[in-house]
Each structure stands twice: as C-alpha cells, then as structure tokens.
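Peer 1: Sequence:
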Amino acid sequence: MNTPTQVRLHDCVRLVKGKPPAQQRYYGADSAWYLTPEYLRGAAACERAKPSANAVHIRDGDTVLLWDGSNAGEVLLGRSGVLASTMTRVSSDSRFTPSYFFFALKQWESYLKSQTSGSGIPHVDKEVLGKLEITEFAESEQSKIAEVLSTVDRAIAQTKELIAKQQRIKIGLMRDLLTLGIDEAGQLRSEATHAFEDSPLGRIPMEWDLARLGDVADVNRGKFTHRPRDDARFYGGSHPFIQTGDVAANVGRTVDDFSQTLSIMGTRVSNEFPKGTIAITIAANIADTAILGRPMYFPDSVAGAIAKAPNSIRFIEMTVRRHKPALEQLAPKSAQSNINLETLRPLVIALPKPAEQERIATAYEAADERQISNEQSLRKLRHLKTALMQDLLTGKVRVTPLLQQAKEAIA
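For the record, in the sequence shown the residue sitting at position 270 is 266 according to my numbering, with numbers rising by one throughout.
Just so you know, these hints were derived from the structure itself, not from any lab. For every residue, glycine included, the Cβ atom is placed at its ideal position computed from N, Cα and C. Misleading hints may appear alongside valid ones.
As the list claims (entries may be wrong) - Derived pair list, reagent style DSBU-like, types lysine-lysine, alpha-carbon separation capped at 35 Å:
| # | residue 1 | residue 2 |
| --- | --- | --- |
| 1 | 102 | 349 |
| 2 | 392 | 381 |
| 3 | 392 | 166 |
| 4 | 320 | 140 |
To be verified - If you anchor each label on the Cβ, the simulated ranges turn out as follows:
| # | residue 1 | residue 2 | range |
| --- | --- | --- | --- |
| 5 | 191 | 383 | 54 to 60 Å |
| 6 | 358 | 231 | 35 to 41 Å |
| 7 | 191 | 225 | 39 to 45 Å |
| 8 | 383 | 21 | 39 to 45 Å |
| 9 | 333 | 156 | 27 to 33 Å |
Work the whole structure out from these sequences, hints included.
Peer 2: Below, the structure is given as structure tokens:
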C-alpha cells in the first residue's frame, strides 16, 4: 500500500469569494438560489435572487468556506446556487476528488476558526489557510474515505430529523396532557366523551380543580448576598451553584451539571435546595424549568419550587413551563426582564388528582426518554465521525483494510 503524501493548500486550491446579488427576492427566468450560511447549515430556507455579472456559481458538492463573521472558518457543503459575499468557494486541483476534499478541509475547521484575523469583523487568515496540509491518497482510497464519512453524515442527519420530529410530537403531547389529561382507563380525554367546564384557564376536565402554585409547592428564591459578587473567596468549593444558563440548557429535564461551585463561605450567603426541586429562572430567561438531580445552591436569579406531597414533581414542572409565555408577559419591560415570588406563588394552575398527575407525568417522561435515547445516539455518531476523520484523513488507519474487516464481520 502506497505511503500517502502531504500537500499544502496553497499548492492545490483556488479561492473565489462570493458576490452580493444584483437583486434579492427576484423570481425572473434568470434567477438563482442565493446561498447563505444558514441555508447551507440546514437552518433556513433559501431565496431566489438575480445574480450579479460576476456571481460565483456553486454546484452540489462544492466546498464552501465561511470567510467573514463570527463563524469565519466554518466549512460547508455547497448546493446549487450563487454564493453570498461572506463565503468563498474553495476548489482543489485534480489530485483530490471533490467529496474527499470537503472532508479533508473540514478536519481543519476548528483550527481555522481559532486563527481568524481582523480588528473589526473577523475573517479567515489566508496565509494560515494556505499553510494547512491535507493528505493525498490514491483516488480510489479518497472515494472510499468520503463514502465512509458521508454514510456517518447521513446517519447524523437522519437522527437529527428524528429528534426534531420527536420534539414536535412531545410539544403536542404536553399540550394535550395539560388540557385534556388522562382518564382512569389511561386514555386522553375528549369533550365528545368526557365532561368539561369553563375556567379562567379555558376549558378543563370536570374532575380537575384550580389551585395556586404556592398551594401545591413551597416556592422560594435563591440568593447570593455578598458584594462584590465576583469575590473569589466565595467560590471554588464542592457545593454546586446553579446558574440560569444551566437551567436553560436542561429545560424540562433533570439537571445534574453546574457551571460554578461555592466554598463554605459562599454557602453562608446563598440558599440550598434539595434534590427534586423545580428550578425556575426568574431573571433574563423567564420560567425556564428543570428538576434538580442533586442538591444545589441558587443565586437570586433562580427560584425553587418544592412540590408538596402527594403532588407530582414532574406534573408541576410541566405546568409552570406551560405558563412561560404568560409569566414572560408579567415581567416588567426593562433592560433585563425579571419576575419575583409575588408573581410565581399566586400563579393559577389546573390541578388533577395526584393519581392523574402521575399518569400525565409518566406519559410525558416516556416520550422524553425516547428523545433522550436518540440524542445519545446522535452524540455517539458525532464522536464516531470525529474519530474516523482523525484516523482516515491522516492515514493513521487505512480505509481499505477497514472496509475489508467490516465485510468479514458482516459475513
């Protein structure tokens, strides 16, 4: 097997920067898809535009480099259209197949992002880019490497689509659970088969009551009274100190991770909440909720709701989350939105009997577990792709023996 060689990019690529269109939202016969970073990431729709005279036309599978902006250095897979002015088409010479070249450059993405230049808007450093090296394999091996990595990419895309679908289903399920509930036969109610009544919250099952959040949970605010807040003596111990961002990153889930810890001195100026507490953000982010998986201390930007037995922790968490839009409306319009205990404790909620609360919680958590399982699969696929790129694109592991081993394992 031939030993692969290293090729510097300045010896094998041509860069062509995109141009602004002559007219956006143009649908004439000579219009083209106007490619933006958001579209190439799959995060936005694409619009038609009238290409400028010197427009840069992209084909499916071309390699595109985000040249300017906060994400400069990001490597994207091109699609048919004309390129926006913040991006550059990177074309290799005949030594590299287009599909292999995309992955070969993609492995340098993190490095390119860390080496941007410019005092205003950051941009890719052309000199840094030119010095990067990629591995030249025989064309047949390049094709096989690209095939392996493309297969993993497809699995990642399919898993992301499945997670998005499950999220939509879960949102609909949560709406039904909190408005219709689950009867004793384990079925969602409907007004065609069950009795409902009007309430200040809308139509609710006859079996339900109205209650205030403060009636079903002990609601208290976190604190950190020492000033200045950044006094290092109060941090760095073994006591988890949760922040609004930790809650926002785990909405509707159990939160075990934390971004800060308190020292013994720090615990004396803060409030600790037990495992099972519903953490509710009350400043900046309003009414993001998560359930503590361990005891934690809260700052004054997070409140804790401790469910009173026999009420379901999960049901109360879901109910508070459902009221997020209303709570956001109650927050004073200021530079940083916030609410207080006088807003949370009187919050009126629809309350089933404890047994039904548990049925609702169980149904929701079953749906969430399916989504969590696929999120774990997505993380594994991303780790697999990273490992394969490190091994295959450097020649550390040769793809031909790898494919042969896979065939033998399948046989």
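Peer 1: Are the hints correct? Go through all of them and say.
Peer 2: Hint check:
1. 102 x 349: 55 Å, violated
2. 392 x 381: Roughly 15 Å between the alpha carbons, so the hint for residue 392 and residue 381 holds.
3. 392 x 166: 43 Å, violated
4. 320 x 140: The hint is violated at about 50 Å.
5. 191 x 383: 54 to 60 Å: 58 Å, holds
6. 358 x 231: 35 to 41 Å: Distance hint for residue 358, residue 231 holds at roughly 39 Å.
7. 191 x 225: 39 to 45 Å: For residue 191 and residue 225 the Cβ distance comes to about 53 Å; the hint is violated.
8. 383 x 21: 39 to 45 Å: 43 Å, holds
9. 333 x 156: 27 to 33 Å: 31 Å, holds
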